[in-house]
Amino acid sequence: MGIIAIQSYLIISLFLFLMGIFTTISRKNIIGIFMGIELILNSSALNFAAFSRFSAHNLEGQLFSIFIIVIAAAEAAIALALMLSIYRRFGDIDADKLDSLKG
Amino acid sequence: MNVEMKEIVFFGVAAMTMVPCFFVAFSRNILHSAFALFFTFLGASGLYFFLDADFLALVQLIIYIGGVLVLLLFAILLTKNIDNIRSTNAVAAKRAAAAGVVTAAMFGVILYAFLASGWPFRHSGAGQYPAVTTKALGKLLLTTYLLPFEAISILLLAVLIGSLVIANRSVK
Amino acid sequence: MSMKTFIEQYGFMILLSPLLGSAITGLAGRRIQKKYGARPIGLIACGSVLVSFIIALAAFAAVAGAREGEKTIICIVFNWLSVGDLRADVSFLFDPLSSVMILIVTGIGFLIHAYSTEYMKGDSGYYRYFSYLNLFIFSMLLLVLGENLLLMFIGWEGVGLCSYLLISFWFSEKANAIAGNKAFIVNRVGDFGFILGILALYSLLKDKIFGGGLVVPVAPSLLSFRFLAENVHLINNIDIFGVSAATVICLCLFVGATGKSAQIPLYVWLPDAMAGPTPVSALIHAATMVTAGIYMIGRLNFLFSMSGTSLNVIATIGAATALFAATVGCVQNDIKKVLAYSTVSQLGYMFLGMGVTAYSSGIFHLVTHAFFKACLFLCAGSIILGMHHEQDIRWMGGLKRYMPKTFLTFMIATLAISGVPPFSGFFSKDEILWQAWKTGHQGLWLVGFMTTGMTSFYMTRLVMVTFYGENRLHLRPSTDDRHDHDDHHRDGVKESPSSVTMPLVILAFFSGVAGFIGVPAALGGGNHFEHFLMPVFGHHAVAHHDPMEYVLMFASVAASLGGIGAGVFLYRIRPELPDIIVSKIKMVHRIVYNKYFVDEIYAFLFVSGTMLMTRVFASFDRYVIDLFVDLTAHVLRFKSYISGAIDRVIVDGLVNGVAESFLFSGSQLRKIQTGRIQAYVMVLLFLVVLGVSLVVILKGEV
Numbered sequence: 001m002g003i004i005a006i007q008s009y010l011i012i013s014l015f016l017f018l019m020g021i022f023t024t025i026s027r028k029n030i031i032g033i034f035m036g037i038e039l040i041l042n043s044s045a046l047n048f049a050a051f052s053r054f055s056a057h058n059l060e061g062q063l064f065s066i067f068i069i070v071i072a073a074a075e076a077a078i079a080l081a082l083m084l085s086i087y088r089r090f091g092d093i094d095a096d097k098l099d100s101l102k103g
Numbered sequence: 104m105n106v107e108m109k110e111i112v113f114f115g116v117a118a119m120t121m122v123p124c125f126f127v128a129f130s131r132n133i134l135h136s137a138f139a140l141f142f143t144f145l146g147a148s149g150l151y152f153f154l155d156a157d158f159l160a161l162v163q164l165i166i167y168i169g170g171v172l173v174l175l176l177f178a179i180l181l182t183k184n185i186d187n188i189r190s191t192n193a194v195a196a197k198r199a200a201a202a203g204v205v206t207a208a209m210f211g212v213i214l215y216a217f218l219a220s221g222w223p224f225r226h227s228g229a230g231q232y233p234a235v236t237t238k239a240l241g242k243l244l245l246t247t248y249l250l251p252f253e254a255i256s257i258l259l260l261a262v263l264i265g266s267l268v269i270a271n272r273s274v275k
Numbered sequence: 276m277s278m279k280t281f282i283e284q285y286g287f288m289i290l291l292s293p294l295l296g297s298a299i300t301g302l303a304g305r306r307i308q309k310k311y312g313a314r315p316i317g318l319i320a321c322g323s324v325l326v327s328f329i330i331a332l333a334a335f336a337a338v339a340g341a342r343e344g345e346k347t348i349i350c351i352v353f354n355w356l357s358v359g360d361l362r363a364d365v366s367f368l369f370d371p372l373s374s375v376m377i378l379i380v381t382g383i384g385f386l387i388h389a390y391s392t393e394y395m396k397g398d399s400g401y402y403r404y405f406s407y408l409n410l411f412i413f414s415m416l417l418l419v420l421g422e423n424l425l426l427m428f429i430g431w432e433g434v435g436l437c438s439y440l441l442i443s444f445w446f447s448e449k450a451n452a453i454a455g456n457k458a459f460i461v462n463r464v465g466d467f468g469f470i471l472g473i474l475a476l477y478s479l480l481k482d483k484i485f486g487g488g489l490v491v492p493v494a495p496s497l498l499s500f501r502f503l504a505e506n507v508h509l510i511n512n513i514d515i516f517g518v519s520a521a522t523v524i525c526l527c528l529f530v531g532a533t534g535k536s537a538q539i540p541l542y543v544w545l546p547d548a549m550a551g552p553t554p555v556s557a558l559i560h561a562a563t564m565v566t567a568g569i570y571m572i573g574r575l576n577f578l579f580s581m582s583g584t585s586l587n588v589i590a591t592i593g594a595a596t597a598l599f600a601a602t603v604g605c606v607q608n609d610i611k612k613v614l615a616y617s618t619v620s621q622l623g624y625m626f627l628g629m630g631v632t633a634y635s636s637g638i639f640h641l642v643t644h645a646f647f648k649a650c651l652f653l654c655a656g657s658i659i660l661g662m663h664h665e666q667d668i669r670w671m672g673g674l675k676r677y678m679p680k681t682f683l684t685f686m687i688a689t690l691a692i693s694g695v696p697p698f699s700g701f702f703s704k705d706e707i708l709w710q711a712w713k714t715g716h717q718g719l720w721l722v723g724f725m726t727t728g729m730t731s732f733y734m735t736r737l738v739m740v741t742f743y744g745e746n747r748l749h750l751r752p753s754t755d756d757r758h759d760h761d762d763h764h765r766d767g768v769k770e771s772p773s774s775v776t777m778p779l780v781i782l783a784f785f786s787g788v789a790g791f792i793g794v795p796a797a798l799g800g801g802n803h804f805e806h807f808l809m810p811v812f813g814h815h816a817v818a819h820h821d822p823m824e825y826v827l828m829f830a831s832v833a834a835s836l837g838g839i840g841a842g843v844f845l846y847r848i849r850p851e852l853p854d855i856i857v858s859k860i861k862m863v864h865r866i867v868y869n870k871y872f873v874d875e876i877y878a879f880l881f882v883s884g885t886m887l888m889t890r891v892f893a894s895f896d897r898y899v900i901d902l903f904v905d906l907t908a909h910v911l912r913f914k915s916y917i918s919g920a921i922d923r924v925i926v927d928g929l930v931n932g933v934a935e936s937f938l939f940s941g942s943q944l945r946k947i948q949t950g951r952i953q954a955y956v957m958v959l960l961f962l963v964v965l966g967v968s969l970v971v972i973l974k975g976e977v
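Chains as they are written, first to last, in this note's numbering: chain Y, 1 to 103; chain C, 104 to 275; chain L, 276 to 977.
For reference, chain Y alone in the conformation it holds in the complex (with noise of 0.2 Å):
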């Protein structure tokens, strides 16, 4: 068995997962945060690909990563329209500012 086994997959897919989750929490940025997320989503894109190849041998995964970049795209045309409208509304996108709704 090569490297180009499902286990190389899997763990650059774990990888930038990780790396996704940590970005989203520490980021002050929206815009970082949002960098974080995109990752989460090409993480799991990746693994379905993976699986979709490697397990199943048929295209159902592969479906799926597609619906998920679509979703990605919607995600970021929706982010950027909320990022320009908070920062018209508070003059800043750090999300450490944005705590209307704090108790």
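No lab work stands behind these hints: they were computed from the structure. There may be inaccurate statements among the hints.
Simulated crosslink set (EDC-like; lysine to aspartate or glutamate; CA at most 20 Å straight-line) [as the list claims (entries may be wrong)]: (1) LYS197(C) / ASP94(Y); (2) LYS946(L) / GLU60(Y); (3) LYS242(C) / ASP92(Y); (4) LYS242(C) / ASP482(L); (5) LYS197(C) / GLU60(Y); (6) LYS109(C) / ASP157(C); (7) LYS946(L) / ASP96(Y).
Please read all numbers here as calculations on a predicted model, not as lab measurements.
Got chain Y; can you put chains C and L on it based on the hints?
The following block gives chains C and L in isolation, referenced to the frame of chain Y:
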């Protein structure tokens, strides 16, 4: 050990995917983060090629790099003054420690899942994986998965309208 | 390049030309009209249809000139759909049937375009009108030439749309808009049946062809007429709810046909459709669009022939409609209404012909009817122009003197529709009646026979009242807002200009002679028309001479002459008689004059039915549901009174203590609610980890 050329390339692509993740996570300059993200996406696309998922790889290139990343850059451009960009992507120090703990815990859980499910991995199923996926994918999308396809079309339409509405709303 | 290859390669131009015309006049028409006046618009519209007509002539020549057995020319434009098992091409079918149809559509269409340039002069919506008209020609050609049912359906919907647009062309008046809506909605009911039929046919055939595990390298175009003709026998033994599949499909398709071709029960839109401009009535509601249903049955004759039940239904409905509409036509006073009911009646004839499997006779009548009905409508338009937009025949009369050309052409068309030999209507109508008799439908023949008499009666009435006697325009009760207008025009009845009368003359000529293309063998003719259509409809048994045929022929001529005689007698010689008769049978007259109250019945059944249902539901709400709700409320009130007493005494003390403790813990816990999204993410992930760990610990392993 007999290392083939293909595997060397694969290793390079994997590295190209993973290494920039550090920059995404730790760089203080948001533009650097975005640039690193570009390489991660590019690497992921390469990984798809290694999975014989040609269509998916192209979709990754077009949508992530052509769409998401450009949107991201626009977001950076439109929300921050360009001169104080160096310190824009700060890490909240206290939370970074907590984030590390959470990440480590997640790592533990997933590692356990890997091991419990029988690492090394068992093969199952023996279907023929198609050499060219685009046509087969199109057929699946328009037959078995027509409903999700239509649903996602509606989602995209809603996003199109919704993002316009959100971005256009004037601040009172 | 031979004619055939020309059609194979460029046949689609016949559709492209009116589509382009429509696009130009529709998109740029307003500007053109403002800048250069109406003339270029008329030229573009007429020119585009003329191009179509020339190509149609070429196609006809190609089809007619082809050798026996090669009379089908297919023009494939591109592959339209190729998804899974579904395949459809955009391709056009030129065969004897469709080449005859396109000649009618483009030929009469062109004449009506030319006529309209005069009729619509001065209308601010001139460009809009011609854009719709061109679009209509395009849709009709698509319907006729489409090589598969999907294309036909698009054309089918297209003509429905255009008729809606044209009926409510003068939409600023509410009645017109309502008439347009009615046409559209009634057609919608029919179209629903049509598409159900298509879907049923498709799914059954698909099961048969792909169900057997048969792997076809390229999916065949399932709904193309060629494929259907060869494979439709596959659904022969399938039953749907105990009825043979062919019958179900045919009846569904026939529902579509009744909608478009104005048969019982969906004919109600056609008389109202007269709200549109008169040339529109001529083109759409007489000559072309309403023939769509006939054409569809002719095109799918192999399918309909499989189901005797549905053929009987078609023949019966056709005959019933013919008689029914003829009776209504006898008493209407609006010239266009009379002609509209006459159209419904004649369409009934065609369906009768289709139903007795005399497909070529039905199409023959379609052709002759297209000529004389278009002529009649255009004459009516000319009269309306001359009478300054008066449509009520009671105020006409004596027009023979003022409008000689219109009178002459109207006369010829009347003789043609009445079935007087040797005018065209005689041959086609007689052919249908004879076929009905021959196939053993004597009852239907009788109905058709009676209708012949009535047809000639009401047409004669129209001629007598309109063209003979004294002009009664001055007797018209004028309303105030029309008064000045009337004085100005009272004696201004005059013949229409030549661009109006020219099409009339041409159409009248064809109404006169078109019958000779199908002279039956019994009269020494060769029945060329039937021979020409034979590749589509198959061979009829060669009719040996039957003396009965002459008897029937004589009978129907006698009937039409009798109808004419009665009309002349009642409305020319003894004009006081009709009023006396009407007063004798007042009740019957009222019912027939009001079209048997069908509109009212529909309004009662479907419109008030819906209203009634809402009222029933409302009262159900008020009396049943509200009762329950009130009852529950009372019970609850009693219960709460008791529990209230308990509460006050026992629980309150306890509760207050608990509340205090919650207040305290709440004030502590609110510090967790940071409002920071990342803190929440963190907690969420911790909980995931915790949950997984718990599962692992409790179960031992995953």
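Non-conforming hints, listed in increasing numerical order: Hints 2, 3 and 5 not satisfied by this model.
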